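Q: Sequence:
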Amino acid sequence: IFPVDVIQENYVRNEILENILDLDISVKGSPDFLEFVSGGKVAFGSVPLAHRNGDGRAVLRSSLREFLCSEAMHYLGIPTSRAASLFVSDDDVWRDQFYNGNIKKERGAIVLRLAKSWFRIGSLEILAHSGELDLLRFELNLHIVSETANLISLWMSVGFAHGVCNTDNFSLLSITIDYGPFGFMDSYDPNFVPNTSDDERRYKIGNQASVGLFNLSKLLQALKPLLDPRQKQLASQVLEGYGEHYYSRFTELFKTKLGLLGENENDNYLIAFLLKEFWALQDLAKHKLFSEWVTMYLLRLNSNNGDSDAKRRTRMASRYKDIVQPLKYTMKIYQAEGIMRDGRDAERFSLHHVAKVTTSREM
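In the UniProt record's numbering, the protein residues as written are 1 to 363.
Derived by calculation from the structure, the hints in this document are not laboratory data.
Just to be clear, a hint being listed does not mean it is correct.
Below, a list of computed lysine-lysine pairs in the DSS-like style, where the Cα atoms sit at most 27 Å apart [said to hold, decoys possible]:
(1) K257 with K311
(2) K204 with K332
(3) K116 with K276
(4) K116 with K356
(5) K276 with K286
(6) K356 with K328
(7) K257 with K204
(8) K257 with K276
(9) K232 with K218
(10) K332 with K288
(11) K104 with K332
Quick caveat: nothing in here was measured; it's all calculated off a predicted structure.
Whole structure, please, built from the sequences with the hints as guidance.
A: Structure below.
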């Protein structure tokens with residue numbers, strides 16, 4: 001991260017610009033480019049739009065959270081957009097953070113997010129509604145069903161709740177985008193909801209897999225104008241396979257975390273048993289049910305086809321380290337809020353420190 005002005009409040013992640021944009025060194029260091037990524041220069045003929053009659057501005061609070069979480073997710077091995085830069089504005093922004101009528105003045109900011117595409121499932125719904133079939137046909141790709149199942153299973157494997165899983169926030173590339181009211185579980189709870197405005201718990205963490213299927217069904221509905229009867233039948237069959245894709249990947253991830261090899265008819269029960277114990281028992285290690293689970297687990301390890309403890313440790317620490325060995329610290333909301341409490345002079349140091357801690361596996 002390096003500052004792009006003398007105030008040292010604006011930061012560009014150098015390696016992100018290199019990896020995603022593939023920019024020449026002379027371009028990414030030029031004044032014109034820095035003005036462009038900071039939002040000071042827009043493409044000719046473009047018109048900035050604000051969503052739902054809003055002012056189109058982000059606040060530092062949410063910008064820091066997105067900056068930190070998208071990078072943490074990347075280092076967890078989860079497909080995601082990347083945060084290339086963070087710019088702090090001198091303009092004040094008025095926001096009702098908790099939707100309780102308590103409006104406060106906050107500092108504005110801009111995060112430059114990078115991804116190979118920003119098309120969403122909702123984008124195709126718009127194209128279908130407006131009759132833009134040529135562009136809709138260009139975007140047709142049914143691999144999104146299995147890739148979406150894979151993405152949500154990865155979210156679940158690290159206890160990540162997106163917060164707003166509508167079609168506008170689901171990428172056609174099946175990457176994590178739009179970090180709004182997200183959260184990581186502190187303790188296992190399938191009813192965990194990080195979004196304080198989600199009173200009905202529609203997007204609770206335990207619903208994410210089913211919401212993914214709902215969004216994909218909306219995608220199929222948007223694509224129907226392009227499909228002949230045979231293609232519609234094929235698309236429906238692909239969609240019906242979503243649940244199998246999800247549970248297969250979910251099971252695979254947790255088997256990897258537990259160091260299990262091969263197939264065993266009791267694997268799903270072993271995983272479900274462990275998760276329910278996490279939910280029900282606060283002092284897990286002292287409970288009888290946990291001892292029963294450990295006994296089941298050891299018996300299962302004995303069926304690992306001659307696998308040894310040493311081989312299993314090596315395999316889990318190297319080949320599958322993204323899945324088995326999580327980051328040193330789970331990114332938490334209070335970390336971003338703490339950066340703002342440090343005051344302007346300390347923000348740059350705090351951002352560097354928290355970004356390093358939340359993307360590191362070093363213990």
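Q: Give a verdict on every hint.
A: Okay, the hints, checked on the actual structure:
A threshold of 27 Å between alpha carbons decides the hint, and for K257 with K311 the separation of about 14 Å falls inside it, so the pair holds. A C-alpha spacing of about 17 Å is found between K204 and K332, which places the hinted pair at or below 27 Å, so the restraint holds. Between K116 and K276 the CA atoms are separated by roughly 38 Å; this puts the pair beyond 27 Å, and the hint is violated. Between the alpha carbons of K116 and K356 the distance comes to roughly 25 Å, so the proposed pair stays at or under 27 Å and holds.
Of the pairs offered as hints, the one joining K276 and K286 holds, with about 16 Å between alpha carbons and a cut-off of 27 Å not exceeded. About 10 Å separates the Cα atoms of K356 and K328, which keeps this hinted pair within 27 Å; it holds. For the suggested pair K257 and K204, the alpha carbons sit about 23 Å apart, so the restraint of at most 27 Å is met. Taking the CA atoms of K257 and K276, the gap is near 17 Å; set against the 27 Å cutoff, the hint holds.
Restraint check for K232 and K218: satisfied, since their Cα atoms lie roughly 13 Å apart, inside the 27 Å limit. At most 27 Å may separate the alpha-carbon atoms for a hinted pair to count; K332 and K288 exceed this at roughly 32 Å. Between the alpha carbons of K104 and K332 the distance comes to roughly 23 Å, so the proposed pair stays at or under 27 Å and holds.
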